[in-house]
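*Asks:* When you get a sec, could you build the whole thing from the sequences and use the hints?
Chains W and Y are the protein sequences, given in the same order.
Every letter in the first sequence is one number past the one before it in the numbering used here, and letter 198, counting from 1, is 210.
Every letter in the second sequence is one number past the one before it in the numbering used here, and letter 32, counting from 1, is 44.
Hints are not guaranteed to be accurate.
Put simply, identical chains are the same to the list, so a pair is met inside one copy or across any two.
[To be verified] Here are the simulated SDA-like pairs of lysine to any residue, each with C-alpha atoms no more than 25 Å apart in a straight line:
| id | residue 1 | residue 2 |
| --- | --- | --- |
| 1 | K77 | Q222 |
| 2 | K77 | D61 |
| 3 | K77 | L309 |
| 4 | K77 | D65 |
| 5 | K369 | T353 |
| 6 | K369 | Q222 |
The hints are simulated quantities; they were obtained by calculation from the structure and are not laboratory data.
2 protein chains.
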Amino acid sequence: MQTPWTQRFAQRTQRMRGSVVREILKLTEQPDIISFGGGLPAPDVFPVDAFEDAACHLLQAHGAKALQYSITEGYRPLREMICRHSARYGIVIEPENVLITSGSQQALDLLGKVFINAGDHVVVERPTYLGAMQAWNAYQAEYINVPMDEDGMCPDGLDAALRMGPKFIYALPNFQNPTGVTLSLERRHELIRLADHYGVPIIEDDPYGQLRYEGQHVMSLVALDAQARAHDGAPYTGNIIYLSTFSKTLAPGLRLAWIVAPAEVIQKLVTAKQGTDLHTSTFAQMLAYDVAHGGFLDQHVKIIRAEYGARRVAMLAAMEKYFPPELTWTKPQGGLFLWVTFPESVNATDLLREAIKEKVAYVPGTAFFADGTGHNTARFNFSYCNEATIEEGIRRLSVALRRFMEMQGTKG
Amino acid sequence: MQTPWTQRFAQRTQRMRGSVVREILKLTEQPDIISFGGGLPAPDVFPVDAFEDAACHLLQAHGAKALQYSITEGYRPLREMICRHSARYGIVIEPENVLITSGSQQALDLLGKVFINAGDHVVVERPTYLGAMQAWNAYQAEYINVPMDEDGMCPDGLDAALRMGPKFIYALPNFQNPTGVTLSLERRHELIRLADHYGVPIIEDDPYGQLRYEGQHVMSLVALDAQARAHDGAPYTGNIIYLSTFSKTLAPGLRLAWIVAPAEVIQKLVTAKQGTDLHTSTFAQMLAYDVAHGGFLDQHVKIIRAEYGARRVAMLAAMEKYFPPELTWTKPQGGLFLWVTFPESVNATDLLREAIKEKVAYVPGTAFFADGTGHNTARFNFSYCNEATIEEGIRRLSVALRRFMEMQGTKG
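*Replies:* In structure tokens, the structure reads:
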């Protein structure tokens with residue numbers, strides 16, 4: 013008699029667990045909870061009218077094409093638009109350097125599929141983006157953690173990490189998820205130099221690059237690398253695989269992102285994507301192109317910057333006002349998140365239970381550490397709630413925190 | 013000095029090759045070629061007006077929600093609609109038994125991700141769907157081929173195949189891609205019995221079940237299995253994982269399909285999908301629901317059936333008229349494809365080169381054989397071209413075939 017396959021299946025797939033972030037998001041779906049937990053863009057900045065106009069125009073002008081199968085590489089006018097846009101930031105590429113993906117999460121999955129065999133090492137920041145680990149755990153990656161400070165990934169640990177022969181370095185140089193920290197220009201040069209020296213590619217994940225609220229733009233790794241190679245306008249052939257997305261500038265519900273890489277790498281990713289989902293929704297790609305081309309995106313990003321910039325200021329001010337002096341937090345110049353460090357004695361997951369009683373939530377930081385540390389840290393999103401709600405949420409959290417610390421004091 | 017990573021990358025990914033079908037599709041993109049090669053639905057049956065109404069309604073009524081992130085499981089009203097629809101075919105399921113995927117190709121990829129470890133065996137029909145092998149090659153599956161005849165997969169070989177401990181059986185019971193053959197009811201019962209005996213799940217891929225042009229509907233494996241288990245209306249807990257899609261009944265450019273399975277299997281697939289693309293386009297899901305609910309899909313499928321049914325008749329008639337008596341072909345009762353067997357001496361890939369000179373194309377059958385056989389077979393799509401074009405295409409092919417056979421005669 014065989015064991016039922018469902019039972020064997022359950023045992024074999026035990027390793028695959030759901031995301032803590034998603035489970036907490038479910039917990040905080042009650043409408044009276046103020047959640048700083050998700051990474052959601054504010055729905056009030058979605059350009060709904062522009063999408064309505066575009067959808068009608070698209071279906072009238074190209075209806076059958078928008079509903080039909082299309083090529084794996086992605087809608088060519090959209091890839092050409094990405095090339096034009098990239099050129100303004102010093103990234104000289106052709107459509108052959110671009111693959112449209114079903115969100116950045118798929119870009120991470122496809123990179124895992126072509127790069128990672130079971131037991132392979134990859135270098136990540138400590139902490140790093142949870143979704144990247146979710147993608148690569150499925151391919152049984154092992155993580156080498158490089159510590160971060162207020163200038164991003166510390167180059168000290170990097171040399172030793174690269175001697176271990178990792179398949180790639182994964183970096184979020186701008187307003188990192190989860191910490192909000194930006195990698196300094198000096199360290200960008202050093203990272204590129206080391207990667208080149210060891211012949212290891214860098215995956216540069218840049219979902220928030222457009223969302224800077226103060227300070228000066230720092231050139232992306234791919235632009236710096238291209239500049240250093242000085243190819244006189246030839247398409248990119250360097251060490252960097254660059255990812256970006258329309259989720260934070262246009263709308264995440266379309267699931268549209270892209271990968272920039274040397275053409276031979278794109279070809280392998282295309283083959284992997286064929287077997288993974290054939291191609292990204294034709295309709296979504298043509299719709300995004302219809303909305304975004306002709307300068308709309310630039311104008312729209314200004315609206316987002318103004319709104320999120322104000323919310324960031326509101327969150328920093330509320331933390332200054334309500335949090336006790338034992339807490340520290342980052343002051344990001346852009347993006348969607350900031351990072352709080354509680355006193356060593358405060359377990360942020362335990363505190364979350366008290367916080368939810370006060371109807372406020374965040375994501376405990378430990379989920380972002382490949383090595384399971386970071387018990388006293390937390391990620392706060394400042395893009396989703398408006399300014400008044402942000403202040404109220406931070407006030408509620410300070411109440412929960414005071415009670416939590418008093419309870420600890422009583423116990424100790 | 014290290015080897016450049018791009019060089020090592022090229023070596024390591026050599027195993028991953030593009031699909032023959034897609035390469036041929038590219039070759040036949042010239043507008044004067046009549047292509048029976050693709051698996052494209054006819055764009056003239058796409059309900060473009062219904063999509064335009066739905067898109068406007070959706071953005072006016074639920075704009076921000078349609079553009080926002082959503083849950084991995086899929087849009088609940090769409091899953092509920094799938095449950096209602098399935099119930100009419102004897103498949104009693106709850107939304108917890110349904111996962112929305114980014115096309116059936118993603119369903120195949122996710123199943124590979126949760127079931128297949130390197131070297132695992134899976135049972136497939138011989139020939140089988142090329143896209144399934146593309147999905148599972150990435151996970152290093154090994155294939156056990158079970159021969160087919162005009163009644164589908166032969167049960168004779170199945171017993172021996174199941175003794176090898178495969179992870180699952182993959183079957184396309186209705187109008188199979190590539191052969192167009194339908195698995196008989198008797199063999200469906202036998203397949204279910206054997207799978208149950210050996211405790212091996214069956215993946216039932218059913219993209220064309222709705223597209224029957226003659227004969228009687230045969231109950232799906234999942235409905236037969238549920239019936240046999242007689243659970244008095246309780247949600248499905250059996251041996252079958254059922255796949256279907258909106259690509260053939262609504263529009264493939266949306267990339268929308270679904271998996272039906274026991275709830276604990278769906279949960280694992282949800283976790284895998286989280287790491288793969290987070291969720292399928294919210295906008296595409298809500299749009300499909302808006303178009304399809306309230307009976308539209310049933311009405312629209314009738315239009316498709318009438319059109320494709322007539323095209324199938326046209327292709328069968330043209331083959332009867334133009335093809336020499338040495339050729340045989342299947343007479344599918346539904347679906348998009350039929351299957352031609354040339355004389356043993358005709359290599360269908362070599363013949364394709366001659367066919368393209370005559371401006372007509374098909375897919376050589378060998379791509380659909382996991383064991384690389386089938387050199388003298390070919391898949392013909394009859395859904396994409398209209399009736400006149402089908403006749404002209406088959407006529408052209410008969411010219412190419414005559415010349416090819418004469419050349420062979422001269423050589424021999």
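*Asks:* Next step is simple, just say for each hint if it's right about the structure.
*Replies:* Against the structure, the hints come out as follows:
Within a single copy, K77 and Q222 get their C-alpha atoms only as close as 31 Å, which misses the 25 Å cut-off; across copies the closest is 23 Å, which meets it. With identical chains, the CA atoms of K77 and D61 are at most 25 Å apart both within one copy (23 Å) and between copies (13 Å). When the C-alpha separation of K77 and L309 is checked against a cutoff of 25 Å, the pair qualifies both within a copy, at 24 Å, and between copies, at 20 Å. Taking CA atoms no more than 25 Å apart as the test, K77 paired with D65 passes in both settings, with 18 Å inside one copy and 17 Å between copies.
Within a single copy, K369 and T353 get their C-alpha atoms as close as 21 Å, which meets the 25 Å cut-off; across copies the closest is 70 Å, which misses it. For a Cα distance limit of 25 Å, the shortest separation of K369 from Q222 qualifies neither inside one copy, at 36 Å, nor across copies, at 50 Å.
Going down the numbered hints, you'll see the structure goes against just number 6.
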